[in-house]
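*Asks:* Given next are the chains, with one letter for each unit.
There are 2 protein chains.
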Amino acid sequence: MRVLGIDPGLTRCGVGVVDGAIGRSLTMVAAGAIRTPADAELPVRLLGVEQGIEEWLDEHRPDAVAVERVFAQHNVSTVMGTAQASAVAIVCAARRGLPVALHTPSEVKAAITGSGRADKAQVGMMVARILKLDGPPRPADAADAVALAICHLWRGGAQARVAQAQQEFARKIELARQARGL
Amino acid sequence: MRVLGIDPGLTRCGVGVVDGAIGRSLTMVAAGAIRTPADAELPVRLLGVEQGIEEWLDEHRPDAVAVERVFAQHNVSTVMGTAQASAVAIVCAARRGLPVALHTPSEVKAAITGSGRADKAQVGMMVARILKLDGPPRPADAADAVALAICHLWRGGAQARVAQAQQEFARKIELARQARGL
Numbered sequence: 034m035r036v037l038g039i040d041p042g043l044t045r046c047g048v049g050v051v052d053g054a055i056g057r058s059l060t061m062v063a064a065g066a067i068r069t070p071a072d073a074e075l076p077v078r079l080l081g082v083e084q085g086i087e088e089w090l091d092e093h094r095p096d097a098v099a100v101e102r103v104f105a106q107h108n109v110s111t112v113m114g115t116a117q118a119s120a121v122a123i124v125c126a127a128r129r130g131l132p133v134a135l136h137t138p139s140e141v142k143a144a145i146t147g148s149g150r151a152d153k154a155q156v157g158m159m160v161a162r163i164l165k166l167d168g169p170p171r172p173a174d175a176a177d178a179v180a181l182a183i184c185h186l187w188r189g190g191a192q193a194r195v196a197q198a199q200q201e202f203a204r205k206i207e208l209a210r211q212a213r214g215l
Numbered sequence: 034m035r036v037l038g039i040d041p042g043l044t045r046c047g048v049g050v051v052d053g054a055i056g057r058s059l060t061m062v063a064a065g066a067i068r069t070p071a072d073a074e075l076p077v078r079l080l081g082v083e084q085g086i087e088e089w090l091d092e093h094r095p096d097a098v099a100v101e102r103v104f105a106q107h108n109v110s111t112v113m114g115t116a117q118a119s120a121v122a123i124v125c126a127a128r129r130g131l132p133v134a135l136h137t138p139s140e141v142k143a144a145i146t147g148s149g150r151a152d153k154a155q156v157g158m159m160v161a162r163i164l165k166l167d168g169p170p171r172p173a174d175a176a177d178a179v180a181l182a183i184c185h186l187w188r189g190g191a192q193a194r195v196a197q198a199q200q201e202f203a204r205k206i207e208l209a210r211q212a213r214g215l
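Taken in sequence, the protein lines are chains A and B.
Take the first sequence: its letter number 168 is residue 201 in this note's numbering, and every next letter is one higher.
Take the second sequence: its letter number 19 is residue 52 in this note's numbering, and every next letter is one higher.
To be clear, the hints were calculated from the coordinates, so they are not data collected in a lab.
Don't take every hint at face value.
[Claimed, not checked] Derived pair list, reagent style SDA-like, types lysine to any residue, alpha-carbon separation capped at 20 Å:
{"hint": "1", "chain 1": "B", "residue 1": "205", "chain 2": "A", "residue 2": "205"}
{"hint": "2", "chain 1": "B", "residue 1": "205", "chain 2": "A", "residue 2": "52"}
{"hint": "3", "chain 1": "A", "residue 1": "205", "chain 2": "B", "residue 2": "71"}
{"hint": "4", "chain 1": "B", "residue 1": "205", "chain 2": "A", "residue 2": "73"}
{"hint": "5", "chain 1": "A", "residue 1": "205", "chain 2": "B", "residue 2": "74"}
{"hint": "6", "chain 1": "A", "residue 1": "205", "chain 2": "B", "residue 2": "73"}
{"hint": "7", "chain 1": "B", "residue 1": "205", "chain 2": "A", "residue 2": "74"}
{"hint": "8", "chain 1": "A", "residue 1": "205", "chain 2": "B", "residue 2": "84"}
{"hint": "9", "chain 1": "A", "residue 1": "205", "chain 2": "B", "residue 2": "72"}
{"hint": "10", "chain 1": "B", "residue 1": "205", "chain 2": "A", "residue 2": "71"}
{"hint": "11", "chain 1": "A", "residue 1": "205", "chain 2": "B", "residue 2": "70"}
{"hint": "12", "chain 1": "B", "residue 1": "205", "chain 2": "A", "residue 2": "45"}
{"hint": "13", "chain 1": "A", "residue 1": "205", "chain 2": "B", "residue 2": "45"}
{"hint": "14", "chain 1": "B", "residue 1": "205", "chain 2": "A", "residue 2": "83"}
{"hint": "15", "chain 1": "A", "residue 1": "205", "chain 2": "A", "residue 2": "96"}
{"hint": "16", "chain 1": "B", "residue 1": "205", "chain 2": "A", "residue 2": "70"}
{"hint": "17", "chain 1": "A", "residue 1": "205", "chain 2": "B", "residue 2": "44"}
{"hint": "18", "chain 1": "A", "residue 1": "165", "chain 2": "B", "residue 2": "44"}
{"hint": "19", "chain 1": "B", "residue 1": "205", "chain 2": "A", "residue 2": "96"}
[Stated by the list, open to error] Partner residues are not named here, just some residues of chain A that face chain B (Cβ under 8 Å, in silico):
{"hint": "20", "residue": "59"}
{"hint": "21", "residue": "147"}
{"hint": "22", "residue": "159"}
{"hint": "23", "residue": "166"}
{"hint": "24", "residue": "168"}
[What the hints assert, rightly or not] Far from chain A, by Cβ distances over 12 Å, these chain B residues were calculated:
{"hint": "25", "residue": "68"}
{"hint": "26", "residue": "130"}
{"hint": "27", "residue": "163"}
{"hint": "28", "residue": "165"}
Note that CB positions come from ideal geometry on N, CA and C, so glycine has one too.
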C-alpha cells in the first residue's frame with residue numbers, strides 16, 4: 034500500500050510518499066515540497082498548490098492520502114492559508130476517489146515517537162530511523178509529510194480497511210450528490 | 034459584465050449572479066445556495082462545493098468572480114470550513130482564468146448601504162431595492178452573495194480593468210509556474 038502524506042501550506046506544502054503495510058518495513062519513495070511565491074495573489078498560489086498535488090498524484094499513484102488536520106487555534110497569521118491549501122489537497126485526492134484521512138499533529142508525533150509532544154527534530158530523527166535513511170528528509174515540511182504517511186500506514190492501513198473506506202467514500206459522494214439534487 | 038458573487042460556506046455556500054456596469058442599472062440573473070450535508074465527511078463536502086461552483090460557472094459564464102474574504106478572528110468554530118470552501122471556490126474560478134476578487138464583509142456592506150457596520154436585514158433590503166426585487170434574495174447566504182457581486186461591479190468593475198486584470202493574472206500564473214520549475 035502506498036500513501037501520499039501532505040503537510041499543507043501555501044509557501045511550502047510538504048509531500049512524501051511511503052510504501053508499506055502493517056508488520057512490514059516501510060520504504061520512502063519520494064519526498065519534497067510544493068512552493069508558491071509569497072508575493073503572488075491567493076488565487077495564483079492555490080492554483081500552484083493544485084498543480085503540484087496533481088503532479089504528485091499522477092507520478093506516484095498513491096492508494097490513500099493523509100493530510101494534516103488544521104486547527105483554528107494555532108498560528109492565526111498563517112492558519113487561513115494552511116486551511117485553504119489543505120482544502121485544495123483534499124479536493125484533488127477526493128476527486129480521484131482516493132480515501133483521504135486527516136491526522137492531527139499530535140497523532141502523528143505519537144505514532145512516530147511515542148509522544149504527542151515530541152519536537153520536530155525528534156520526529157525527523159525517528160522518520161530517518163524508521164525508513165533507514167541517512168538523515169531526515171529535507172526540507173522540514175517534507176519530513177512532516179513523510180511522518181504523516183507513516184502514521185497513516187501504522188494507524189490502520191490494512192488493505193481491507195482501505196477497500197472498505199473507498200466503498201464508503203463512493204457511497205457518501207453519491208449521498209452528497211443526491212442531497213444536492215443531482 | 035457579469036459577476037458571480039460567492040459567500041463561502043460548507044453547510045450553505047451562497048451564490049449570486051448579477052449583470053451590470055458602472056453607471057447602468059444592475060440585473061440579478063440568479064441566486065441560490067450550494068448545500069452539503071453536515072454529517073458528511075470533509076472531503077465529500079468540499080467535493081460537493083466544487084461540483085456546485087462548477088455548475089454555476091458552466092451555466093452562467095461570469096466575466097469575474099467575487100469571493101468574501103475570510104478572516105481568522107471571526108467565528109472560530111466555523112472559520113476553517115469557510116476558509117476551505119473559499120479555497121475551493123477560488124480555485125474553480127482561477128482554473129478557468131477568471132479574475133477573482135476578494136472583498137471583506139465591511140467593504141460589501143459599505144458599498145451597498147453606505148455603512149460598513151450595517152446588519153444583514155439592511156443589506157438584504159438595499160439589495161432588493163438596487164435590483165428592483167420584491168424582497169431580498171433567499172436564503173440569506175444568497176443575498177450576501179448577490180451583495181458581493183454588486184459590490185464588485187461598483188468598486189471598479191469597468192470592462193477595461195477586467196481585461197487588464199485577466200492579462201495580469203495570466204502573467205502571474207506563468208510566473209508561478211516558472212517559480213515552480215514547470
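*Asks:* Please list, smallest to largest, the hint numbers that this structure does not respect.
*Replies:* 1, 2, 18, 19, 20, 21, 22, 23, 24, 25 and 26
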